[in-house]
Amino acid sequence: MDSFSNFSQKLNPLARKLTQGFGQARQLAQEKFGGAGEITELPQEYLELEKRVDAIRNVHVNLLKVTRVFMSENYDYPAQIQDSIVDVSRSLVKEFKHVALGENEQEGLVAEEPPKTLSHALARASAQGAEEVGLEEPLGAALFKYSTTQEKLGAERMKMDNDIMKRFIQPFNTTLNNNIQFAMKARKRVYAARLNLDAFKTNMKNSKPEKIEAIKLEVEQAEEELHVALDEAMGMMKSVIETPEPLRNLADLVAAQLAYYKQGFELLSEIAPEIDEMQVTQEALYRNSRE
3 MDSFSNFSQK LNPLARKLTQ GFGQARQLAQ EKFGGAGEIT ELPQEYLELE KRVDAIRNVH
63 VNLLKVTRVF MSENYDYPAQ IQDSIVDVSR SLVKEFKHVA LGENEQEGLV AEEPPKTLSH
123 ALARASAQGA EEVGLEEPLG AALFKYSTTQ EKLGAERMKM DNDIMKRFIQ PFNTTLNNNI
183 QFAMKARKRV YAARLNLDAF KTNMKNSKPE KIEAIKLEVE QAEEELHVAL DEAMGMMKSV
243 IETPEPLRNL ADLVAAQLAY YKQGFELLSE IAPEIDEMQV TQEALYRNSR E
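Heads up: the sequence shown at position 259 corresponds to 261 in my numbering, and the numbers run straight through without jumps.
What the hints contain is simulated information worked out from the structure, not anything from laboratory work. Accuracy of the hints is not assured; some may be wrong.
[What the hints assert, rightly or not] The list that follows gives simulated cross-link-like pairs (lysine-lysine, BS3-like), each with its CA atoms no further than 30 angstroms apart:
1) LYS218 with LYS187
2) LYS154 with LYS264
3) LYS190 with LYS154
4) LYS168 with LYS264
5) LYS264 with LYS67
6) LYS240 with LYS67
7) LYS264 with LYS161
8) LYS240 with LYS168
9) LYS161 with LYS53
10) LYS67 with LYS53
[As the list claims (entries may be wrong)] Here are the simulated distance ranges between beta carbons:
11) ARG289 with GLU134: 45 to 55 angstroms
12) GLN172 with ARG54: 18 to 28 angstroms
13) LYS187 with ALA257: 27 to 37 angstroms
14) GLU134 with LYS154: 15 to 25 angstroms
Backbone N, C-alpha and C define an ideal beta-carbon position, used for all residues, glycine too.
Given the sequences, and given the hints that come with them, work out the whole structure.
Structure representation (C-alpha cells):
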C-alpha cells in the first residue's frame, strides 16, 4: 500500500506537468493562428527590461564575434597561410633528417616556430634583406633598424592580444554565458507561466459549471506562478543591466589597444628620423655623383 502511495505521489506532479505542457502548446497555437481569447499582458516594466537586456546581449554577441580575431596570431597577416605551406614542406624535409639521425642529433634540429604576426614577418624579411645587402650599405643599415623595431612591435602586439583575451574576451564571454543566459532562461519561464495561465483561463470559460471551482483554483495557482516567475526574471534582468562588468571590460579593451598603439608610435618615432636622415644623405650623395 505504501509503495502504491509513493508511486501515486510521484505520478501526480508528472501528470500535472504533462497537462500543463499540452495546455501551453494549445494556447500558443491558438495565439499564433488568432483563435485565442484574452491574452494576459505582461507588465510594461518587464517588457522594457526585456528590450534593454536584448540590446546588451546583442552587444556581447557582436563584439565577441569581432574580437575573437585577437585569438588568431596571424589575423593581420593572412599571407602567413602561404608561409605555413612552405613551413610544412620544410617540416617534411626535417622529418626525413630525423629518421636518418639519432635522438641526440634530433634535439638540435628542434626550433621554436616563429611568431605569425605581420610585424614579425616584416622583421624577418627586413633582417634577411639587411644581411643580403650588407650593414655597411645605407639600405642594409636602415633595414636592420626597421627589423629590430618591428620585432619589438610584434612582441607588443602579442602582448596586446593576450591582454584582450584575458581582460575582455574571457569575462565578456562569461557574462554572456552566465548572467545573460540565466536571464534569458528566466524569461522563458515567464512566457511558459503566462501561457499556462491563459490556457487555464480559456479552459475555465469552456468548462461546465460544476468544474469551474476546481479550475478557478488552478487559475489562482497559475497567477501566483506567473507572479513568481516575473519577479525572478525582472531581478535577473536588472542584474544584467546594472552590473558594471561590461563597461569595465570595455575599458580594459581600450587600455590594451592604447598601450599597443602608444608603444608602436614611440618605437617608430625613434627610428623615423634616423632613416629619414640616412635617406637624405644618400640622396645628396647620389645627386653629387651625377653632377
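Taking the hints in turn, this is what the structure says about them:
{"no.": "1", "hint": "LYS218 with LYS187", "in the structure": "28 angstroms, holds"}
{"no.": "2", "hint": "LYS154 with LYS264", "in the structure": "13 angstroms, holds"}
{"no.": "3", "hint": "LYS190 with LYS154", "in the structure": "51 angstroms, violated"}
{"no.": "4", "hint": "LYS168 with LYS264", "in the structure": "20 angstroms, holds"}
{"no.": "5", "hint": "LYS264 with LYS67", "in the structure": "26 angstroms, holds"}
{"no.": "6", "hint": "LYS240 with LYS67", "in the structure": "25 angstroms, holds"}
{"no.": "7", "hint": "LYS264 with LYS161", "in the structure": "13 angstroms, holds"}
{"no.": "8", "hint": "LYS240 with LYS168", "in the structure": "26 angstroms, holds"}
{"no.": "9", "hint": "LYS161 with LYS53", "in the structure": "37 angstroms, violated"}
{"no.": "10", "hint": "LYS67 with LYS53", "in the structure": "21 angstroms, holds"}
{"no.": "11", "hint": "ARG289 with GLU134: 45 to 55 angstroms", "in the structure": "26 angstroms, violated"}
{"no.": "12", "hint": "GLN172 with ARG54: 18 to 28 angstroms", "in the structure": "24 angstroms, holds"}
{"no.": "13", "hint": "LYS187 with ALA257: 27 to 37 angstroms", "in the structure": "33 angstroms, holds"}
{"no.": "14", "hint": "GLU134 with LYS154: 15 to 25 angstroms", "in the structure": "22 angstroms, holds"}
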